[in-house]
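Novice: Following the hints, complete the assembly by docking chain B onto the known chain A.
Next come the chains, spelled out residue by residue.
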Amino acid sequence: MSLIADIIYFFFGAIALIGAISVVASRNPVSSALSLVVTMIALAGLYLMMNAELAAVAQIIVYAGAIVVLFLFVIMILNLREPEAPSKKLKAVRILGLLLAAALLGQVIGASHWAFNRTEVLSEAEFQEPIKPKGEFVSANASDELQQPTDLQPAAGAMLTQYILPFELISILLLVAIVGAAAVARRKPPPGEAPYEGPDPEEDELAARLEDN
Amino acid sequence: MATLWLAAGLFGIGAFGVLIKRNAITLLMCVELMLNAANLAFITFAARGADIGLLDPTHGTLIVLFIIAAAAAEAAVGLAIFLKIFYDKSNVDVDGMEALRG
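Order-wise, the sequence lines are chains A and B. Using my numbering, the first residue of the first sequence is number 103, and each one after it goes up by one. Using my numbering, the first residue of the second sequence is number 944, and each one after it goes up by one.
The shape of chain A in the complex, shown without the other chains:
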């Protein structure tokens, strides 16, 4: 069992890593976006392996289903079909970028190693028990397999009780982002040209007369 789990972990991890490298290495933005989808789905598989079902589903729906599609739409609108031209940046700048990324990598590894091996119990102030929802939501007749606990029920309970403030704030953030994106991306008519205000009635009349003849 453990061996199989290890193999699945390795499989998804390798796919995620290859996808990530391909996002950076590919010169065509469309293949970068599709590699990003591969990475997202592999990560969703890893989340499933770690019993985070809600996060896995949200990952697939929001990232692979919405954000990457947004990227693809913008690539289509901009018509960025020609591959990225080779960089005019100096080789030294690239090497500096690699060094900086390696330094960040080392820092992340060090910090996560320290945090992972930390086992002392958190103080009461740091660790608040989420309010557990009362009542059984799974029907009593459901088979044992269906009654396997997922993290959906406790997460939904905590989201609407303990985490209600961040939940509302993130809703407002999304609303502001939608309005802001729509306002920024709107194409204003060039100066001196009247904004488009529906079809011209005279033109319609002309077209109707042409059709009659």
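For the record, the hints were derived by calculation from the structure and aren't laboratory data. Glycine included, each C-beta is placed from N, C-alpha and C at the ideal position. Each hint can be trusted.
Derived pair list, reagent style DSS-like, types lysine-lysine, alpha-carbon separation capped at 30 Å:
1. B:K1027 <-> A:K290
2. A:K193 <-> B:K1032
3. B:K1032 <-> A:K290
Taking CB as the label site, the calculated pair distances span:
4. B:R1044 <-> A:G282: 22 to 32 Å
5. A:R129 <-> B:K1032: 14 to 24 Å
6. A:I109 <-> B:G1039: 44 to 54 Å
7. A:W216 <-> B:A1042: 37 to 47 Å
8. A:I109 <-> B:G996: 24 to 34 Å
9. A:A284 <-> B:K1032: 16 to 26 Å
10. A:A284 <-> B:E1041: 21 to 31 Å
11. A:G167 <-> B:D1038: 29 to 39 Å
12. B:D1038 <-> A:V281: 23 to 33 Å
13. B:G996 <-> A:V286: 42 to 52 Å
14. A:S273 <-> B:G1039: 28 to 38 Å
15. B:G1039 <-> A:V281: 21 to 31 Å
16. B:I995 <-> A:A168: 26 to 36 Å
Specialist: Frame of chain A, contents of chain B only:
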């Protein structure tokens, strides 16, 4: 623990992409990669905390949901800005965006 190495690797790859990419849209994708690395680390820590009985894994899941929402907002606003820049300059090359250079 292995997934933490993977998270660090994804973060490093994303950071490298942000530093060397010139196409602004690919650059945003690399930022998404870094956010995903953070998500993976959060889920790993939540699973580890549940294993040793310190933490409720719900915290990890919820923080990942909030990060995903923030990433969606970031992508929408960023892409809108790049769309505007494209209308203005007909490219999204970050090396060419130097109107604010002092």
